[in-house]
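Please model the complete structure; the sequences and the hints are all you need to start from.
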Amino acid sequence: MTIAAVARPGTALRRLLTPLSYVAIVLVWEAAVRAFEVPAWLLPAPSAIAGAASDWLPELATNTLVTLRETVFGFLVALAASLPLAILIAFSEPARRLLYPILLGLQSIPKVALAPLITLWLGFSEWPKIVIVVLVCFFPILVNVVAGFESVPKTMLDLMHSLKASETMIFRRLRIPAAMPHFFTGCKVAITFAVIGAVIGEFVAAQSGLGYLILMSTSQSQTPLAFAAIALLTIMSIVLFYGIELLERRIVRWSH
Amino acid sequence: MSVAALAPAFAMAAEEPAAAAFRKPVSAPAIEVAGVTKVFGEGKPGAVHALGPIDLSIAPGSFVSVVGPSGCGKSTLLRLAAGLDRPSAGRMNRYGEPLDGPSRQTGIVFQEHVLFPWATVLQNVMLPADVLGLPKAEATARAHHLLELTGLKDFAHHSPQMLSGGMKQRAAFCRALLADPQLLLLDEPFGALDALTREELSLELSRIWQELGRTALLITHDIEEAILLGDRVLIMSPRPGRIRADIAVDLPRPRNVGTAALPRFQEIKQAIRELIFNPGRPE
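Taken in order, these protein sequences are the chains called A and B.
Heads up, the final residue of the first sequence is numbered 256 in this note's numbering, and it's a clean run with no missing numbers.
Heads up, the final residue of the second sequence is numbered 1283 in this note's numbering, and it's a clean run with no missing numbers.
Just so you know, the hints here were simulated from the structure itself, not pulled from any lab data.
Any given hint might turn out to be false.
Cut-off 25 Å, straight-line C-alpha distance, at most; resulting in silico cross-link-like pairs (PhoX-like, lysine-lysine) [unchecked claim]:
#1 A:K154 x A:K164
#2 B:K1153 x B:K1136
#3 A:K111 x A:K164
#4 B:K1044 x A:K154
#5 A:K164 x B:K1136
None of these values were measured; they are calculated from a predicted model.
Following this line, the structure appears as structure tokens:
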């Protein structure tokens, strides 16, 4: 008998605990809706949601793709814009003084409040949604990367200075790797915001996307379809989050 | 573990023209300090007079230990010697040249290991070679030599997190020695280690230092460690740190486990304790 053999059933049970709890919630939900005869337009049972999902599969698929595109594209644009700015802010005092208050002000505006205006300016295409996604993603990435560049312990800087390392050398060898965990934290926050941003944009004015689908289906009392769309949004959010997490585990091996 | 195995690598490094030129003024002290003071926040209301005035001369090839109570500015003294800080007043020379910044002829070991967690042990040891642009093949060979010397051969490709505290500090020593510095600055390098590891590592350092014949300045709060390693022990007063006494350690080398049991060792230790704890009494 080895210790591993004794420990195995315990870890297997622990692994099953999360999926089991999900199954339990779905079962309780289904039972409650049936027992109390809740109408489907108010709260559909999981089976009814699954039925709606299979009936509307092509519509759900195309609209998922639209929202996914807006989310990912907006996120990537925010990434491309925030990284150079983070470097500028971290290394230039005038840039920090000039840019940080502006960015902070921009961040303080609730993006939901801006959504109708952005739609007014950019029309009904996917662009206003992408711009909203960029706006909500930009700041978490920027702030975390700046904090990451500055998270370098003083002793490590002393070590580099004692070797007469140049600032570019310190940046490459020390600040970039030190900032990586922070960068990924920012990305994970941003990608969750990104999905919300895209849906807000679609709520304001859209002809496609899961947000649009939720709005349309609830107004027509097609509540099971709305629930199916919400489930897809949740799955999208989780998949994107864990995609970044996976990338982080591959790159930032040292902090796990 | 043979120290002699490292000798050819060092001889090879010594023939580099830059290093040869650096060694020309043989008679010049490795470190010369004259009237040096350090005030933090100079001219401001909360200014702290941390150090000095201090006069000090460290002969090339000698091992000088500095002991003193915490906050006496001994680490400040080391940072000045490393060129990481500038003195507020006074003059400092390194091998006869004005000390106006860090030098590649100086290797530092800090109290914390300061190993980069994202790099392997070998990559960490190779850091000076990368930063200073030393020839890669030679530096790699030397890094492997040093890792073998310190018993880390099998951990070259491990992450530093997988090493014990003592092993991390050994790796930090390897890194400090990689560029074959003339001067080793040691800022409480064993301060974060347990007593057994500390003693083991100090004896190892003593052996390596004697083999390499480099100059070393050790900052410590451990009197026994200071004596065990040093040719001289400087005792510093509380802030502002001044050198209160300069004790010659006339113990035979090589120092070993038995050294601390010698009556002479105990005499020196008692003399230093008197100087630290009863400063008012005449010597």
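Hints, one by one, checked against the model:
1. A:K154 x A:K164: holds, 15 Å
2. B:K1153 x B:K1136: Given that 25 Å is the threshold and the Cα spacing comes to 18 Å, the pair holds.
3. A:K111 x A:K164: Violated: K111 (chain A) and K164 (chain A) sit about 46 Å apart, past 25 Å.
4. B:K1044 x A:K154: Status holds; Cα separation ~23 Å.
5. A:K164 x B:K1136: Measuring from Cα to Cα gives roughly 18 Å; hence the hint holds.
When each numbered hint is compared with the structure, a violation occurs for hint 3 only.
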